[in-house]
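Participant: Go ahead and model the full structure; you've got the sequences and the hints to work with.
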Amino acid sequence: MISALTETPERLSTARARLLDHPIYAAVFDLPRLQVFMRSHVFAVWDFMTLLKRLQRDCCRRELPWMPPLDPAFARFVNEIVLGEESDKDGQGGHCSHFELYLQAMDEIGADRRPIDTFLARLSAGDSVDAALEASGIGEPIREFVTFNLSAAEEAETHEVAAIFCYGREDVIPEMFGRLLARLPANLFPEGRFRFYLDRHIELDADAHGPLARRLVETVCNGDDQRRSEAAVAAAGAVEARIRLWDGLMSELDAVSPALV
Numbered sequence: 001m002i003s004a005l006t007e008t009p010e011r012l013s014t015a016r017a018r019l020l021d022h023p024i025y026a027a028v029f030d031l032p033r034l035q036v037f038m039r040s041h042v043f044a045v046w047d048f049m050t051l052l053k054r055l056q057r058d059c060c061r062r063e064l065p066w067m068p069p070l071d072p073a074f075a076r077f078v079n080e081i082v083l084g085e086e087s088d089k090d091g092q093g094g095h096c097s098h099f100e101l102y103l104q105a106m107d108e109i110g111a112d113r114r115p116i117d118t119f120l121a122r123l124s125a126g127d128s129v130d131a132a133l134e135a136s137g138i139g140e141p142i143r144e145f146v147t148f149n150l151s152a153a154e155e156a157e158t159h160e161v162a163a164i165f166c167y168g169r170e171d172v173i174p175e176m177f178g179r180l181l182a183r184l185p186a187n188l189f190p191e192g193r194f195r196f197y198l199d200r201h202i203e204l205d206a207d208a209h210g211p212l213a214r215r216l217v218e219t220v221c222n223g224d225d226q227r228r229s230e231a232a233v234a235a236a237g238a239v240e241a242r243i244r245l246w247d248g249l250m251s252e253l254d255a256v257s258p259a260l261v
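According to my numbering, the sequence shown is numbered sequentially starting from 1.
These aren't lab readings, by the way, just hints derived from the structure by calculation.
It should be emphasised that the depicted structure is a prediction, and the values quoted were computed from it without experimental measurement.
Where is the CB? At the ideal position from N, CA and C, for every residue including glycine.
Honestly, I wouldn't trust all of these hints.
Distance ranges between label pairs, derived from CB positions [what the hints assert, rightly or not]:
1. 13 with 151: 19 to 29 Å
2. 257 with 195: 14 to 24 Å
3. 50 with 80: 29 to 39 Å
4. 124 with 192: 21 to 31 Å
5. 192 with 68: 24 to 34 Å
6. 186 with 128: 15 to 25 Å
7. 224 with 100: 29 to 39 Å
8. 69 with 112: 35 to 45 Å
Facilitator: Pasting the structure below:
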């Protein structure tokens, strides 16, 4: 669904179709492949929050003393999404961010957390993102993906970041994760944290966060055709970056075990 834009730009609609038809969703069919997938994909879970926090920074003034938001509707949309992403129900009577939930899932299945833990430790120590990615030892596909999103979070205009967040994340995640979940062997993780993570994202993004994100794009474009055009270009670039990530991860998965024929 691309309703926040005046029309469905061909580049965006084509990229979206390619993304949802990617073979990676059928390629995570055993434990070793899931471990490799999660080792890299966790970085995308992390930079999701960086995009969202950029939007929150733009809509909610951070200085003291407090001042009211410039656009209350914008602030409401973003803060509702932040609430769910940063402090969601954890399925065990508490609350945690989706990133923390993903780390729990990695621990549960024995996925290698050293790259993401090293990355975060180096960032905390003051390293640049590039240096921290280098130190993590993670593969080039995820490094390129994170660099794309971090550059957008730091340099793009608000309406472009909103479009990247909406169409590169919230709009496609329910369908991407639905395809992945449908192909996970039922006996592999019947009640695991990764399955809960996928289910929770599908539920929130399809029913609440996706519509909120599209309204957010409408709000920040404010009927301006130039902004809508720039938003469409940014959105298509985000989807294409995800396709390149999936292409790279497919190569990593195939290096672990033979593909099913």
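Participant: For every hint, state whether the structure bears it out.
Facilitator: Here's how the hints hold up against the structure:
Distance hint for residue 13 and residue 151: a CB-CB separation of about 24 Å, consistent with the stated range 19 to 29 Å. Separated by about 21 Å at the C-beta atoms, residue 257 and residue 195 satisfy the suggested range of 14 to 24 Å. Distance hint for residue 50 and residue 80: a CB-CB separation of about 18 Å, inconsistent with the stated range 29 to 39 Å. At roughly 29 Å, the beta carbons of residue 124 and residue 192 sit within the given window of 21 to 31 Å.
Between residue 192 and residue 68 the Cβ separation comes to about 44 Å, which falls outside the hinted range of 24 to 34 Å. In this structure the supplied range 15 to 25 Å is violated for residue 186 paired with residue 128, their Cβ-Cβ distance being about 43 Å. The hinted range of 29 to 39 Å is satisfied by residue 224 and residue 100, whose Cβ atoms lie roughly 38 Å apart. Checked against the hint of 35 to 45 Å, the C-beta distance between residue 69 and residue 112 comes to roughly 41 Å, which is consistent with it.
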